[in-house]
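**Student:** Here's the letter readout for the chains.
Protein chains: 2
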Amino acid sequence: MSIAVESFLLNPTNTGTLQRQVQDLVTDGILGGRFRPGDRLPSSRKLATHLGISRITVTLAYTELVANDYLTSRGRSGYFVSDQAPAPVDTLPPPAGPSTVDWSRTLGGRIGTSLTISRPEAWRDYRYPFIYGQPDQRLFDHQSWRRCAMQALGRRDFDALTADAYEADDPELVAQIIRLILPRRGISARPDQVLITLGAQNALWTAAQVLLTQRRTAAMEYPCYPVLRDILTQSRCNTTELTVDNAGLRPETIPPETDVLFTTPSHHCPTSATLPLDRRRALLKRAQDDDFLIVEDDYEFELGFMTRPAPALKSLDTDGRVIYIGSFSKSLFPGLRLGYMVAAAPVIREARSLRGLVLRHPPGHIQRFAAYYLTHGYYDAQVQRTARAFRARREVLDESLARNGLEPAGRNGFGGSSVWMRTPDGVSADDLAARLRARSVLIEPGAAFFRPGDARGQNHYRLGYSSIDSTAIPTGTALIAEELARLQR
Amino acid sequence: MSIAVESFLLNPTNTGTLQRQVQDLVTDGILGGRFRPGDRLPSSRKLATHLGISRITVTLAYTELVANDYLTSRGRSGYFVSDQAPAPVDTLPPPAGPSTVDWSRTLGGRIGTSLTISRPEAWRDYRYPFIYGQPDQRLFDHQSWRRCAMQALGRRDFDALTADAYEADDPELVAQIIRLILPRRGISARPDQVLITLGAQNALWTAAQVLLTQRRTAAMEYPCYPVLRDILTQSRCNTTELTVDNAGLRPETIPPETDVLFTTPSHHCPTSATLPLDRRRALLKRAQDDDFLIVEDDYEFELGFMTRPAPALKSLDTDGRVIYIGSFSKSLFPGLRLGYMVAAAPVIREARSLRGLVLRHPPGHIQRFAAYYLTHGYYDAQVQRTARAFRARREVLDESLARNGLEPAGRNGFGGSSVWMRTPDGVSADDLAARLRARSVLIEPGAAFFRPGDARGQNHYRLGYSSIDSTAIPTGTALIAEELARLQR
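Quick note, the sequences are listed as chains A and B, same order. With the UniProt record's numbering applied, the first sequence corresponds to residues 1 to 489, in that order. With the UniProt record's numbering applied, the second sequence corresponds to residues 1 to 489, in that order.
Okay, chain A solo, but in the shape it has when bound (with noise of 0.2 Å):
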């Protein structure tokens, strides 16, 4: 390609003379990898016009440039990069003097973020790969995908992809959300109840924003999403962690200084326990007698495929009190970045606000996108295969377990993407992870839901379905239970 003349800029700081600047930043792109063989200078006019200097100085420059093996002359076609030049070095030279910032007191490091799930990057290069929350391109209807997206960018939508929305939604994802998708959980929504986020890990960071402070106190279930952990802990307020059991939260043991208490009712995370309806009412009842807001996060609901679907613990909500959390991660795939909460008007004017000066509005694109296509009934069907997909994998799932006399930890009678297993007693799931690794089998060690230093982390693991082939999973548990065996002995 060309190199564009406005890359070339003289640095008024610099010493030498002329011709050597005029070399520096020809060399300079070219080690720092900007300019690669074949690449085609500007003509020495039109770089003497761009920087103010004289056109002998530019030529006299490229000449020794030439000499140098840098670049080579094609007659009248011009200059270009040598493919004798040399290659470019990984790292740029160290800035002109040392850096004089103490970057550790400048930024002090607030940001923590703890343990996470680990998982190869290349993930896909493991025969056995048991995680969880990756797309599955086998499942995803790419085709209809495409002609959304096609169809969103003809002219006709010109100006909602790519006008400045200030603080608003897409109304046409909103519309089709309020009328496709939060009924089936039981819900109705007027549009003011209703903001668009990137991702249901942004509307719980919004959530927690917009309804935490200092001196406020949330209730999280234990364990819990590690991500969730996290934002409390940027939040600032205080938290308590409330044990689940085989059926999920315990209402009873919320504290009463309680303000915001997060949930997954549809099934808990990690563990997979549907809250039952009368904890559900028990719940709603707490949260009214004791004056505290819900946040529902409802991830995965398009999951449930071993029982009728309970209705979202929003649909039971009289008195405005549950903020509910849905996300296209799962329904379509996590790279989209897009979920959505649904309020209490006054909950999601003060989000929009803070969403308005964090980041604007989500992007035209993808909410386009995704308005088409669940308009075109595609979202529809693209929920009822995966569901069918998992479905079929975790009866394989189950019945491999069962046949290795493996039990998973606790009831699941709701389906998702993944059991919820306890390794045996003295065996570390960190250890089992990575023996079986070493085989091809990716797990995912449970210590990152738990507490640093809680010992039921290294006593846990996840079994993801979500990208694990059906025709894999038998061998992959005989080898989890093969690796069982051998750290039992």
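Accuracy of the hints is not assured; some may be wrong.
Heads up, the list lumps identical chains together, so a pair's fine if it works in one copy or across two of them.
Below are the SDA-like pairs computed for lysine to any residue, each with C-alpha atoms no more than 25 Å apart in a straight line [unchecked claim]:
id	residue 1	residue 2
1	Lys285	Val101
2	Lys46	Arg179
3	Lys285	Thr253
4	Lys285	Thr106
5	Lys285	Pro12
6	Lys46	Ser82
7	Lys285	Asp319
8	Lys46	Phe305
9	Lys46	Arg76
10	Lys46	Gln384
11	Lys285	Leu10
12	Lys46	Asp380
13	Lys46	Tyr378
14	Lys46	Asp245
15	Lys285	Asn11
16	Lys285	Leu9
17	Lys285	Glu252
18	Lys285	Glu167
Since the hints were made in silico from the structure, they are not lab data. Fair warning: this is a prediction, and the values are worked out from it, not measured in the lab.
Once you have looked at the hints, place chain B on chain A.
**Tutor:** For chain B alone, coordinates are given in the frame of chain A:
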């Protein structure tokens, strides 16, 4: 379309007969606008199985709904929402009980936003829209953008578009920014010194969050970009406002206790002053001597068509003190929500952790679309085409202003997409804007750029030329002069 059976959920708290409840589910759907005339209901058998009730209950409910004109029966084809069904009501029924939540206490309205630039939503219906910051469909290469999107939507890029990338950016986009954009600003960077953001505003917000606390002091230019003031207010740091002159920020006015300075050296927002080289050097020296950091907002740098582009402040920074912010909002379009931050690796690491918590990563789609637009050279062509068009508009505007005796406030030798104007003494820019609006002319009153109550806010306005055609500029300008003359009488 067919209404999915999953749309129906019996609310376990409801009383009344099952038949009544089924009828309510249907009427709620119709009155709430979710079920529309012509939509097909699930078969009675299917709905009965789904709800776990007898089929005859559903049939009786449907029959009753036909009698009430909500549904029509088309024999064996089933039941459909009737064309005679009542129209949806705009607001949903109020919640069953009065809400007991005291929102003013619970939320506290902590996310304050100040006055923003007012602009009617239907600005395209105005004949003389001197507005700022919206995309211009006439200049955008829609066809090539679509082509890049199609390429990215192919199977080869499935992972880049759909996978959960956690904290990572699209490496293709980062590489293109480093190779094609930063060198034009005289900036060299390694990938670990670049963070992709959801637009420049998101980069400013991130910088403020990472660098400021309640115990730190920010300095900002005055007047200034109103969103920056809101961002600093939300960070709760101390803030000093530094009044700019005709050449922008005066380095000698920066108080020694400053921790972070926010500046727009290429052309100050909103006055368009370009910071001269001696002040840039003085600024960097002050930063080193007094140990503060500089956030350089290089918005619209692509539009410096009136002068040879000055290298960015960041290009003179040997000490890692400058955090550089760029955006695709002007070179592509604002609805894309893409920008970038270039800074020392420790700053980028911290900013990335924060972003990971807030939203994980920018959507894969828009990152890869933009990467291809850069790779294929469309970006360069786009920038050149836009700068050419804006230069032509600016020439017409300057000439029209002169002919009508209107003088811009301060110097502006940069270019950009707007001119900063002063009203004659005693004439309020708000009044002027209101009168002009009635004559199909939109201007942007200056109050948003000043502190509330500062009289200078009433004395300034901005004329944007990014959305107005050259041919409309002379008449628009004449109308402004005409209304100004009336107001002075």
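**Student:** Work down the list of hints and note, for each, if the structure agrees.
**Tutor:** Now the hints, each set against the structure:
no.: 1; hint: Lys285 / Val101; in the structure: between (54 Å within a copy, 13 Å between copies)
no.: 2; hint: Lys46 / Arg179; in the structure: between (59 Å within a copy, 20 Å between copies)
no.: 3; hint: Lys285 / Thr253; in the structure: within (13 Å within a copy, 58 Å between copies)
no.: 4; hint: Lys285 / Thr106; in the structure: between (47 Å within a copy, 18 Å between copies)
no.: 5; hint: Lys285 / Pro12; in the structure: between (69 Å within a copy, 15 Å between copies)
no.: 6; hint: Lys46 / Ser82; in the structure: within (20 Å within a copy, 71 Å between copies)
no.: 7; hint: Lys285 / Asp319; in the structure: within (10 Å within a copy, 58 Å between copies)
no.: 8; hint: Lys46 / Phe305; in the structure: between (66 Å within a copy, 16 Å between copies)
no.: 9; hint: Lys46 / Arg76; in the structure: within (15 Å within a copy, 77 Å between copies)
no.: 10; hint: Lys46 / Gln384; in the structure: between (60 Å within a copy, 16 Å between copies)
no.: 11; hint: Lys285 / Leu10; in the structure: between (70 Å within a copy, 20 Å between copies)
no.: 12; hint: Lys46 / Asp380; in the structure: between (57 Å within a copy, 16 Å between copies)
no.: 13; hint: Lys46 / Tyr378; in the structure: between (53 Å within a copy, 21 Å between copies)
no.: 14; hint: Lys46 / Asp245; in the structure: neither (74 Å within a copy, 35 Å between copies)
no.: 15; hint: Lys285 / Asn11; in the structure: between (68 Å within a copy, 16 Å between copies)
no.: 16; hint: Lys285 / Leu9; in the structure: between (67 Å within a copy, 21 Å between copies)
no.: 17; hint: Lys285 / Glu252; in the structure: within (11 Å within a copy, 61 Å between copies)
no.: 18; hint: Lys285 / Glu167; in the structure: neither (34 Å within a copy, 39 Å between copies)
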